[in-house]
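Chemist: Spelled out, the chains give:
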Amino acid sequence: MRHVLLVRYGEVFLKGANRPHFLKVLTDNIKKAVKPLHGHVWLSDSRVYVSDFSDLDACIDRVSKVFGVYSVSPAIELNKDFEEIAAACVEMMKPLSGTFKVFGKRSDKKFPMNSMEIGMEIGGRVLEANPNLTVDVHKPQHRLMVEIRDMAYICVEEIKAVGGMPMGTGGKAALLLSGGIDSPVAGYQLMKRGVRLCAIHFQSPPYTGELAKDKVLQLAKKLAYYSGGMRVYMVPFTKCQLEIHEKCPDELGTLITRRFMMRIAEKLAKDFGALALITGESLGQVASQTMEALTCTDAVVDMPVFRPLIGLDKTEIMDIAVKIDTYDTSILPYEDCCTVFTPRHPVTRPKLADMPKVEEKLDTEALVAEAVENTEVLIVEPE
Amino acid sequence: MLAYLDNSATTQPCEAAIEAMTACLREGWHNPSSVYRPAVEAFRRVREARENLLKPIRGANCDLIFTSGGTEANNLAILGTVSRMRGRQTVAVSAVEHPSVSAAFEQLRDQGHDVRVIGVDMTGQPDWEALERALNDGASLVSMMQVNNETGVKLDAERLHKLVSGRALIHVDGVQGYLRVPFDMKWADLYSFSGHKLHGPKGIGGLVVKKGVKLSPRQIGGGQENGLRSGTENTPGIMGLNAAALELVKMGEDMPRELMEKKLRLIEGIRRAVPDVVIHGPAPEDAAPHIVNLGFPNVRGEVMLHALEAENIYVSTGSACSSKKLKVSSVLTAMGMAPAKAEWAVRFSLSPHTTEEEIDYAAGKIGNIYDTLKRFQRR
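So the sequences go chain by chain: A and B. Position one of the first sequence corresponds to residue 1 (this note's numbering), numbered consecutively onward. Position one of the second sequence corresponds to residue 1001 (this note's numbering), numbered consecutively onward.
Derived CB-CB ranges, DEER-like:
{"id": "1", "chain 1": "A", "residue 1": "Gly-229", "chain 2": "B", "residue 2": "Val-1213", "range": "56 to 64 Å"}
{"id": "2", "chain 1": "B", "residue 1": "Arg-1272", "chain 2": "A", "residue 2": "Glu-373", "range": "31 to 39 Å"}
{"id": "3", "chain 1": "B", "residue 1": "Lys-1327", "chain 2": "A", "residue 2": "Asp-328", "range": "14 to 22 Å"}
Bear in mind the hints are in silico, worked out from the structure with no lab data behind them. Note that CB positions come from ideal geometry on N, CA and C, so glycine has one too.
Let's have the full structure, built from the sequences with the hints guiding it.
Modeler: What follows is the structure, given as structure tokens:
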């Protein structure tokens, strides 16, 4: 008898011919997650198991944060001896009260009892031993699983995990990471779909300081927890901003700045091998996030731009930020490059056709190339 | 080239302090409260340090309580004295104190005491008449800082002493003044200072208490420091503080004058490069010799700070304790400055170890930086 963690996966189930590939990636990711706990991970009969870990709670915490995992259950692995199994079930159900149901499942057809019989017999014994429990076969509060496979497994507790798709199966994308509340959440949403990220941050010294940079690295570190390391591109952006500030109409300043960011980001994304950009924009949140403004920013890049927060309210975004533990870092009050020259009255309905004329006075290509050239690349490791 | 001009935030520990601390950690580490020979030796060295530290402020009739630094000393002085007084007290504090003082008075207010905040004029001098009124209303404690950490404004401690003359206890926060601006314990009942502002280590400071002043401890336990501050003495800190203080004393009576000359040289250099520069507070000659607060018109202090940082020149916008909060200085607004202008403030703070090369380097760079920055302003 030994303690194991039973791992169920979600959407990977829906995969057809390439399911083995997804499962391999998922198993590898779980292996990486439990490595500090020395856990042993294996795949058997469409289930992933973890055993020999040093700390069950830590193991549950780590595995339930692996994308692609639907839920986890602390389970007991036993020999296929019915008396031994029944005794362990009685023991496991001892502290519980309320209603329960036994779900017997026999995939080893050599086992002398069938699924129904297992359920009935064990249910009887549990009921006898614990007067605080009653049976409810329709809506039980506790679901006791008894599975007879190559070994016998029993479990009752099921902990919901993050879900999503295994990290790395969704390709690569580049996240524009500002340091605010939204962009880390946007990154998380795509990571959840199995996308590996790099982060791109725009710095404007001396208008922004070392603390702002440190804050962004802290946020990248939080996200890196889910991917095991993240590349962060630190773009020196002051020169672009000053040129824009000097040569473009004030009310279009933010929009032109956004267009420059997208151009630079696309070049860096290609360096990373990414196929898309991710931003934390939410429709109508600020002047640069109206449909007209987004049309103007999208127009300068060929890559798709993913905006997973486009339909979310600020409060919904904040809730996710709290859940993924980026909120407290995001609200630190350091100036970021976006707020440096914020115009007092930005245009909310810009016209795409006006953009070339506005940018005419700027040597766009040279400014973008210089920023890309001087970008510093950092690797952030998870905590 | 590097210019460290943020000595009011903290100072670089001097070699003498580092040596004294290392020696203490290696050999003199015994508990001064124990009774065998090496422990008694440690006790003797702590006593010697106490005497050395009291001497420059003529503290012969005073005790020195070692604390973890200026904040604890200020807290102890204010909360410790008032808690020994009976009933609701009237207490007075200037409007431009360090948060470790003003927050202590806030706590007294929450406890129901009558806290009078004494305003300051444009040069940072307290409203003496308001103080007189508070005293007439029976104020029992007055707290004012010797040197303002943001502007360098100096307290006229002798005037304060004459005005109060036995009617109330006087606490002076000497964190920015001790050993750089002369002080005499005949002017105050309580005086706080900190080690790391004098090229000593962090984590050590002291509260000087005139004999007979009643105090209740904020930290209780084994009864060290006459029962006023329990906890095993921080002997390495005390040795470091003592060594650093001796170094400053050794520089002699001319040191403050030389420091003032350096400050004037810095201001002159900056003025030459940036004729628009504004001096916040009193005329530099009337302020403490090591602090000056300057405004660079239409350039936010924070931006100036980061631009200087890129040239290895380190300054701050206000006190280091509040500069991460991105608020306009409450000291400058208390002096009647408009918040929009207070945003321009940059504090330069020197130490006796600041070199003329550092000063000239900083002054030289500031001109170019200012010319670039003033071109780009938020419209």
